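Student: Now for the letters of each chain:
2 protein chains.
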Amino acid sequence: MQQERCSSSDRPLDPGCLLERDAERSADRLGCAAVDFPVAVVLPAGGSGERMGLATPKQFCTILNRPLISFTIQAFERLSWIGTVVVVVAKENHDLMLNIVQKCNHTKAKVVHGGTSRHRSIFSGLQAFSSTTDSLTPKPKVVIIHDAVRPFVEEDLLLKITLAAKEQGASGAIRPLVSTVIATTSEGYLDHSLERAKYRASEMPQGFLYDIIFQAYQRCSEFDFEFGTECLHLALQYCGTNAKLIEGPPTLWKVTYKRDLAAAEAIIKETLSMSACIIAGAEAEAVELAKALQKNLNMMETDVIQCAKESNTEYLSKTRNFIHISTTASNFLGTLDMAKRFEDTDHARLYPVVVVWVQLNMTKQSVDSQKTDELTAFRSLASEVIQGNVLLYGIQIDHTKVPEQWERSVERLTQITVALIRDRNAALTGQLLHA
Amino acid sequence: MQQERCSSSDRPLDPGCLLERDAERSADRLGCAAVDFPVAVVLPAGGSGERMGLATPKQFCTILNRPLISFTIQAFERLSWIGTVVVVVAKENHDLMLNIVQKCNHTKAKVVHGGTSRHRSIFSGLQAFSSTTDSLTPKPKVVIIHDAVRPFVEEDLLLKITLAAKEQGASGAIRPLVSTVIATTSEGYLDHSLERAKYRASEMPQGFLYDIIFQAYQRCSEFDFEFGTECLHLALQYCGTNAKLIEGPPTLWKVTYKRDLAAAEAIIKETLSMSACIIAGAEAEAVELAKALQKNLNMMETDVIQCAKESNTEYLSKTRNFIHISTTASNFLGTLDMAKRFEDTDHARLYPVVVVWVQLNMTKQSVDSQKTDELTAFRSLASEVIQGNVLLYGIQIDHTKVPEQWERSVERLTQITVALIRDRNAALTGQLLHA
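The listed protein sequences correspond, in order, to chains A and B. For the first sequence, numbering that gives the first Met the number 0 gives the first residue as 0, with consecutive numbering after it. For the second sequence, numbering that gives the first Met the number 0 gives the first residue as 0, with consecutive numbering after it.
Be a bit skeptical, because a hint or two may be false.
Some chain B residues judged to face chain A by a derived CB distance under 10 Å, without partners named [as the list claims (entries may be wrong)]:
no., residue
1, Arg174
2, Leu315
3, Thr416
4, Ala418
Away from chain B, derived, C-beta distances all over 10 Å, residues of chain A [as the list claims (entries may be wrong)]:
no., residue
5, His93
6, Lys107
7, Ser129
8, Lys197
9, Tyr198
10, Glu229
11, Ile245
12, Glu264
13, Ile304
14, Leu432
Keep in mind the hints are simulated off the structure, nothing from the lab. A quick note: this is a predicted structure, and the numbers were derived from the prediction, not measured. A virtual CB, placed ideally from N, CA and C, is assigned to each residue, including glycine.
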């Protein structure tokens with residue numbers, strides 16, 4: 000039986016690990032001040048599909064059209080005090096990994112070939128620094144070893160791991176045990192159960208003085224290379240270094256099963272749906288609708304602005320969800336202009352940007368009867384901007400002066416908008432829905 | 000560092016644990032033949048929101064509009080060889096739990112009050128059987144203890160646990176350790192790491208001869224009641240019974256964090272999306288479209304049938320996804336008729352049924368210009384049937400004799416249909432999309 004443990008949310012505390020805001024983030028400043036020595040990362044991602052019994056190894060499975068490993072690389076790359084991220088892959092995935100690095104513009108990543116076991120892969124990663132002729136990868140003081148399939152590692156923990164490694168020679172993240180651990184007899188019966196308070200689960204990241212972990216790998220046996228499970232154990236056994244253990248948050252969990260991919264996707268989508276920007280123009284009815292929508296969207300942080308011109312670029316970098324309200328019967332050109340701009344400015348490179356065009360119909364005549372070619376044009380434009388990772392949807396809402404009817408429509412508009420933003424479903428782009 | 004472990008799918012192997020098919024399922028017949036003694040279940044669900052620091056305890060969080068605990072109860076209730084399921088809840092959740100039992104028609108469930116700790120709650124659950132005057136809950140030979148937040152337990156494992164408990168007195172599910180377990184020094188340093196092969200994680204379900212576990216609880220100390228974590232440990236300590244350990248599948252995992260709810264939802268939605276029934280009528284164009292759609296929906300098990308009348312009720316009990324193709328410009332009456340029937344026949348009681356009305360437009364005139372009042376009627380009917388857990392969506396597709404154009408449209412129709420079936424998003428019902 001397990002004790003009940005719970006967390007009200009396991010979204011990363013620091014949304015910056017998903018949404019890179021401006022470079023002046025205070026946590027990063029903290030890291031820069033505290034870390035005055037070179038830090039690098041080794042990310043073993045050697046699992047091949049074959050070995051895992053899957054067509055695609057987990058680290059290459061995509062979430063919102065982007066491989067999981069790219070999220071993990073980004074978690075390090077966004078921190079200015081972290082240098083090279085050495086990604087160790089199986090030979091057969093080398094080109095795939097290079098493509099990912101290029102497409103996602105991971106400027107700090109360096110791809111190397113791994114060995115036939117996890118420990119051999121880590122050693123390969125460490126060796127990438129030992130070649131003094133390669134000026135691109137100078138030997139770091141501290142090296143962080145992490146899992147490619149733990150994308151939500153936060154700066155706070157990385158900083159603690161790094162500083163403890165500098166001071167103690169080795170450090171590692173731990174978590175309380177989720178299940179009771181039991182010892183079994185050779186016949187498959189319960190022998191005894193461990194006292195849970197004395198034990199911890201060893202997780203990632205782990206940090207080491209480069210010289211210590213490199214020496215440990217140079218000294219360790221073939222058996223360690225083949226069957227060893229713990230870098231911390233090698234540092235203890237071969238260098239006499241007792242690692243400092245640091246309790247990490249539940250977000251550290253490792254994407255292991257298919258269901259974990261769904262969980263990771265849900266966390267990313269939830270984080271991307273935390274805020275929205277409503278662009279309302281100057282017309283009174285549109286502004287009124289924007290305010291009503293803002294009130295209803297109380298679970299998100301929303302701003303209402305007048306137009307999406309250059310003076311408002313701060314909003315454009317703050318959120319990846321835009322709701323454009325227009326009152327002209329079928330004028331989605333402003334919306335389109337915005338969508339195209341995202342494509343150009345690289346705003347949608349890492350995460351899909353949602354643009355919801357809300358068409359406020361002021362006439363008695365229903366918008367359903369508007370000309371088919373305009374709708375066709377909207378659909379075709381949506382299928383164009385999706386190439387640049389912009390998801391364009393339309394929602395029509397009929398203006399009315401009957402209060403209950405209007406409230407119902409705004410409520411439906413809210414629900415549909417929330418559904419579109421949360422789901423980020425590519426199959427529904429270009430549709431014109433009705434509130 | 001953890002070893003890489005993976006599973007190509009962690010959907011329950013037995014879809015029956017989600018989709019109760021006919022009662023003649025072979026596994027259940029097996030269980031009935033092997034288990035000729037009374038078996039009951041105790042499901043501790045005592046965690047209150049307060050204790051967990053959450054507004055809603057996980058077991059009452061909803062997936063597809065139904066509390067998680069209802070899925071767990073159903074996993075037992077569907078098996079004819081299992082009798083009463085005693086659900087132990089905190090006093091403040093008693094009415095809530097009774098409402099769930101009534102709404103989801105859990106005929107085997109009996110709700111009792113729990114104690115102030117998990118062990119006290121389990122003991123309360125066991126005591127429900129010891130009162131001989133209550134003819135509704137006769138004392139079982141074997142009692143299964145499970146977690147309310149592990150909804151995907153399969154019959155195969157329950158059968159093994161039950162038979163081992165009958166033979167050995169106690170049995171429990173185990174899983175390999177996910178992380179390396181380490182012992183820590185009192186100063187927070189690594190002391191040593193455990194040899195992973197010798198240890199296992201103790202999971203749920205566990206099974207006991209009723210007399211053994213009841214006696215163990217009668218004998219155990221206040222300290223055990225307050226801080227104990229393992230029923231298996233109590234059976235060993237107080238009755239000298241070494242439990243038989245049985246390796247369970249990864250689907251046994253416990254819904255602990257918010258992300259686990261997303262993972263559970265993904266598993267349930269994936270299981271519900273495994274099959275679909277396409278109703279095409281007799282018109283040649285509709286049948287042609289049905290066949291093209293069936294070919295594209297190759298990830299689902301699909302059947303094409305002519306009509307949804309009584310002779311086809313077998314399909315209606317086999318799947319929860321229906322695609323109704325009609326060629327008449329706005330005739331959704333057949334679709335509506337079907338949607339209403341699901342409402343009446345209880346087919347959508349446990350899981351929402353998706354009905355996609357595909358409107359194949361044969362005329363040059365676009366369906367976009369069809370009369371507004373018909374669209375309004377469709378939306379209003381969708382908002383009516385959703386009360387009965389039927390999700391009604393519409394998709395228009397224009398017929399064309401230009402092959403590439405037609406293929407593109409059918410491809411879009413496929414993508415939208417898959418998105419609607421997979422997401423089961425209530426906010427989008429009543430919308431008329433365009434392929």
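Student: Please go over all the hints and tell whether each is borne out by the structure.
Tutor: So, going through the hints one by one against the coordinates:
1. Because the closest C-beta pair between Arg174/B and chain A is about 7 Å apart, less than 10 Å, the hint holds.
2. For the restraint placing Leu315/B at the interface with chain A, the shortest Cβ-Cβ distance is roughly 26 Å, beyond the 10 Å limit, so the hint is violated.
3. The criterion of a C-beta within 10 Å of any C-beta in chain A is met by Thr416/B, whose closest approach is roughly 9 Å, and the hint holds.
4. Interface restraint check: Ala418/B against chain A, minimum CB-CB distance 4 Å, threshold 10 Å, status holds.
5. Annotated as non-interface, His93/A keeps its C-beta farther than 10 Å from every C-beta of chain B; the closest such distance is 18 Å.
6. Listed as a non-interface residue, Lys107/A keeps its Cβ farther than 10 Å from every Cβ of chain B; the least gap is roughly 22 Å.
7. With a minimum CB-CB distance of about 20 Å to chain B, Ser129/A clears the 10 Å threshold, and the non-interface call stands.
8. A cut-off of 10 Å between C-beta atoms contradicts the statement that Lys197/A is not in contact with chain B; the least separation is 6 Å.
9. With a least beta-carbon separation of about 5 Å from chain B, Tyr198/A fails to lie farther than 10 Å from that chain, contradicting its non-interface assignment.
10. The beta carbon of Glu229/A sits about 5 Å from the closest Cβ of chain B, which is not more than 10 Å, so the claim that it is off the interface is violated.
11. Not every CB of chain B lies more than 10 Å from the CB of Ile245/A, the least distance being 8 Å, so the non-interface label is violated.
12. With a least beta-carbon separation of about 8 Å from chain B, Glu264/A fails to lie farther than 10 Å from that chain, contradicting its non-interface assignment.
13. With 10 Å as the threshold on Cβ separation, the claim that Ile304/A sits away from chain B holds: the shortest Cβ distance comes to roughly 25 Å.
14. Not every Cβ of chain B is farther than 10 Å from the Cβ of Leu432/A; the closest lies at roughly 5 Å, contradicting the non-interface assignment.
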